[in-house]
Amino acid sequence: MIRLLSVLVVAAWLVGAAGADEAPISGPVKAVDPAAQTLTIETTAKGKARQVVVHLKPGAKVVRFARATEPGKTGFVEQTVALGDVKPGWIVSVATKHEGDKEVADLVKVVLER
Amino acid sequence: MTAKHWSILGVVVAGLAAGLWIDDTRVTQADPVRNGEPHEEDAGGHAHVPAPLPYADAHVPIGVWTDPKMIARGKEIYTTTCAVCHGDAGDGKGPAGVVLPLKPSDFRDKAGVAEMRDNYWFWRVSEGGTVDPFKSKGSAMPPWKADLSVEDRWAVMAYQHTFSGHNGPHVPWEHPESVAVGRDIFKMACVGCHGVEGKGDGSVGATLSPRRSPQPRDLTTRDFKFRSTPSGQLPTTADLDRTLTEGVRAAGGPLTLGLRGYRIMPSFRHMPEEQRLELIEYVKTLNKGFWERGDVKVVEIPTPPPMTAERVARGKKLYADAECLACHGETGRGDGPSAPTLKDSRDLPIAAPDLRHPQRFKNGDRPEDIYRTLVTGLAGTPMPSYGDALEPDQTWDLVYYVLSLSRDGGRAAGAGR
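As they're listed, the protein sequences go chains A and B. Position 47 (the first sequence) corresponds to 47 in my numbering; numbering is contiguous. Position 295 (the second sequence) corresponds to 295 in my numbering; numbering is contiguous.
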């Protein structure tokens, strides 16, 4: 019984600790550095605008959404975009995680190309 | 339950509490870069704020909402520009929208759409997330005003509106809940004078100036005195806001002797701007003309030139030529030969204002206020519009002559109301 309860306590602790590490941010791209695999995004949180440097993990993807062109298919399909092709001014969204003092991500979604 | 069981339960509760505390701490620590704090948009709704003044008159023509051509045009635009976030089904679950910190609107949310006024909607589409309060919340919505024409924005709104399942035009009299806040303020602050239906027949209003002008405005007619729009047109929202903010002073003269210099309509300057705009949105619903008038044109008021003796002299001549003295009198006392016979549009006696007291001018005493009064006239009163009769320079001449009639010779002009 005590063993079971101990497991529950530890599980509750871990759920709390792991639950909210991802933070969605979005906004226009200010700079792209393919060599460093970083993307600088201007975002606003709680009324304050700031620039966040997002570090892409190895194997991270940048995707855009395009209309399906295959006959009979509707909706959108994901298309992978090279980080170097991302232009300042595009609006992106990304779920970042804290790792040390960095914001890291493994998926960047392009919301609008302009 | 034994003491042992209580101890075990205590440990479990403490563990859960600790876990939740850590969860909360992590969220707080992540906040500097996250903009995903809880907000009503999470539920697919929207912020209930009035459209700011530059967009407040951007009402969508009534026919647009149900025009099949506009809806088809809107669908085309929506499919290529909006669906990626708002979803093909209008549910706010497009592939690019699902991870946004501020969730895209769910247009299937009937209640949410019903509360969204057309000018708010147009503002939202035009400015996207570049303006507050959406900017502060981290909205990623792009502004479309540079990419889509006004008609295209109307079209896309008409298509978005179809997701809500409402088949009629998206106007306040179809969705009274969209002006509920303003209606409540009107009931508390305005009914006494303007009446329950806004017809100017409130129980208090008539006692302010019995059987004579001024009476509280009948807000259901086109006769709005204080406008920046040409003669015969409804005022802008900014005009209504100016009247509400400044109040209306009694002009003096024998018929309003007891009131002169005092406000017959109080100033609502103390009311927060957001509430004033909500109130005005309700007041506008008393007159469908605000949705039927199309483009809103306002009278252009040039920068006031300096007041000079020459200008005042020219103004004096114009004052006689334009027959101002017939009502206002040679010295501007409001005792011209026609003054005793003047009546307003309700056939009530009305006094010609005493021009020696610009601080009592109902439409403001700054040079640009008097210019506006001369150009637009005062609807529902004998004061005509001189917009077609005088050139701008002549109008300024007359403005400065009028100001020169005051006891300080117009030196205080420009000091505000």
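Quick caveat, the hints were computed from the structure, so don't treat them as lab data. Certain hints may be false.
Stated by the list, open to error - With a straight-line cut-off of 27 Å between C-alpha atoms, the simulated DSS-like cross-links for lysine-lysine are:
#1 A:K46 x A:K102
#2 A:K57 x A:K102
#3 B:K199 x A:K102
#4 A:K48 x B:K135
#5 A:K73 x B:K75
#6 B:K135 x A:K46
#7 B:K75 x A:K46
#8 B:K297 x B:K110
#9 A:K30 x B:K145
#10 B:K75 x B:K110
#11 B:K93 x B:K75
#12 B:K145 x B:K135
#13 B:K343 x B:K199
#14 A:K48 x A:K30
#15 B:K110 x B:K93
#16 B:K93 x A:K61
#17 B:K297 x B:K316
#18 B:K288 x B:K199
#19 A:K73 x A:K48
#20 A:K30 x A:K61
#21 A:K48 x B:K145
#22 A:K61 x A:K87
#23 A:K30 x B:K297
#24 B:K199 x B:K297
#25 A:K46 x A:K97
#26 A:K73 x A:K30
#27 B:K93 x A:K97
#28 B:K145 x A:K87
#29 B:K93 x A:K73
#30 A:K73 x B:K69
#31 A:K102 x A:K61
#32 B:K93 x A:K87
#33 A:K57 x A:K73
#34 A:K97 x B:K316
#35 A:K48 x A:K87
#36 A:K87 x B:K288
#37 A:K46 x B:K343
#38 B:K110 x B:K135
#39 A:K30 x A:K46
As the structure is a prediction and not an experimental result, all values here were calculated from the model.
Quick rundown of the hints versus the structure:
Straight-line distance between C-alpha atoms of A:K46 and A:K102 comes to about 20 Å, which keeps the hinted pair within the 27 Å bound. Distance hint between A:K57 and A:K102 is fulfilled; the C-alpha atoms sit about 11 Å from each other, no more than 27 Å. Under the criterion of a C-alpha separation no larger than 27 Å, the hint pairing B:K199 with A:K102 is inconsistent with the structure, at around 63 Å. With a C-alpha separation of about 9 Å, the suggested pairing of A:K48 with B:K135 holds against the 27 Å cut-off.
Our distance criterion of 27 Å between C-alpha atoms is met by A:K73 and B:K75, whose separation comes to about 18 Å. About 9 Å separates the Cα atoms of B:K135 and A:K46, which keeps this hinted pair within 27 Å; it holds. Annotation: proposed proximity of B:K75 to A:K46 is violated, straight-line Cα distance about 34 Å (limit 27 Å). Proposed proximity of B:K297 and B:K110 is contradicted: the alpha carbons are some 34 Å apart, above 27 Å.
A C-alpha spacing of about 22 Å is found between A:K30 and B:K145, which places the hinted pair at or below 27 Å, so the restraint holds. Of the pairs offered as hints, the one joining B:K75 and B:K110 holds, with about 19 Å between alpha carbons and a cut-off of 27 Å not exceeded. The suggested pairing of B:K93 with B:K75 holds, with an alpha-carbon distance near 17 Å, which does not exceed 27 Å. Restraint check for B:K145 and B:K135: the C-alpha separation of about 16 Å stays at or below 27 Å, so the hint holds.
A hinted pair counts as satisfied when its Cα atoms are at most 27 Å apart, and B:K343 with B:K199 qualifies at roughly 19 Å. For a cut-off of 27 Å, the pair hint linking A:K48 to A:K30 stands: about 16 Å separates their Cα positions. Taking the CA atoms of B:K110 and B:K93, the gap is about 16 Å. The hint holds against a cut of 27 Å. Annotation: proposed proximity of B:K93 to A:K61 holds, straight-line Cα distance about 21 Å (limit 27 Å).
Note on B:K297 and B:K316: the hinted pairing is violated, with a Cα-Cα distance of about 30 Å set against a maximum of 27 Å. A hinted pair counts as satisfied when its Cα atoms are at most 27 Å apart, and B:K288 with B:K199 qualifies at roughly 14 Å. For the hint pairing A:K73 with A:K48, the CA-to-CA distance comes to about 42 Å; that exceeds 27 Å, so the pair is violated. With a C-alpha separation of about 18 Å, the suggested pairing of A:K30 with A:K61 holds against the 27 Å cut-off.
Between A:K48 and B:K145 the CA atoms are separated by roughly 24 Å; this keeps the pair inside 27 Å, and the hint holds. With a C-alpha separation of about 15 Å, the suggested pairing of A:K61 with A:K87 holds against the 27 Å cut-off. Straight-line distance between C-alpha atoms of A:K30 and B:K297 comes to about 39 Å, which puts the hinted pair past the 27 Å bound. The straight-line distance between the Cα atoms of B:K199 and B:K297 is roughly 26 Å, inside the 27 Å bound, and the hint therefore holds.
With a C-alpha separation of about 19 Å, the suggested pairing of A:K46 with A:K97 holds against the 27 Å cut-off. Between the alpha carbons of A:K73 and A:K30 the distance comes to roughly 35 Å, so the proposed pair goes past 27 Å and is violated. The hinted pair formed by B:K93 and A:K97 meets the criterion: a straight-line CA distance of about 23 Å does not exceed 27 Å. A C-alpha spacing of about 21 Å is found between B:K145 and A:K87, which places the hinted pair at or below 27 Å, so the restraint holds.
The hinted pair formed by B:K93 and A:K73 meets the criterion: a straight-line CA distance of about 18 Å does not exceed 27 Å. A threshold of 27 Å between alpha carbons decides the hint, and for A:K73 with B:K69 the separation of about 26 Å falls inside it, so the pair holds. Straight-line distance between C-alpha atoms of A:K102 and A:K61 comes to about 18 Å, which keeps the hinted pair within the 27 Å bound. Restraint check: the Cα-Cα separation between B:K93 and A:K87 comes to about 25 Å, which is no more than 27 Å; the hinted pair holds.
With a C-alpha separation of about 32 Å, the suggested pairing of A:K57 with A:K73 is violated against the 27 Å cut-off. Taken as a hint, the A:K97 and B:K316 pair is broken in the structure, with Cα atoms around 75 Å apart against an allowance of 27 Å. Restraint check for A:K48 and A:K87: the C-alpha separation of about 24 Å stays at or below 27 Å, so the hint holds. Of the supplied pair hints, the one linking A:K87 and B:K288 is violated, its CA atoms being roughly 47 Å apart against a limit of 27 Å.
Taking the CA atoms of A:K46 and B:K343, the gap is about 57 Å. The hint is violated against a cut of 27 Å. Of the supplied pair hints, the one linking B:K110 and B:K135 holds, its CA atoms being roughly 25 Å apart against a limit of 27 Å. Straight-line distance between C-alpha atoms of A:K30 and A:K46 comes to about 20 Å, which keeps the hinted pair within the 27 Å bound.
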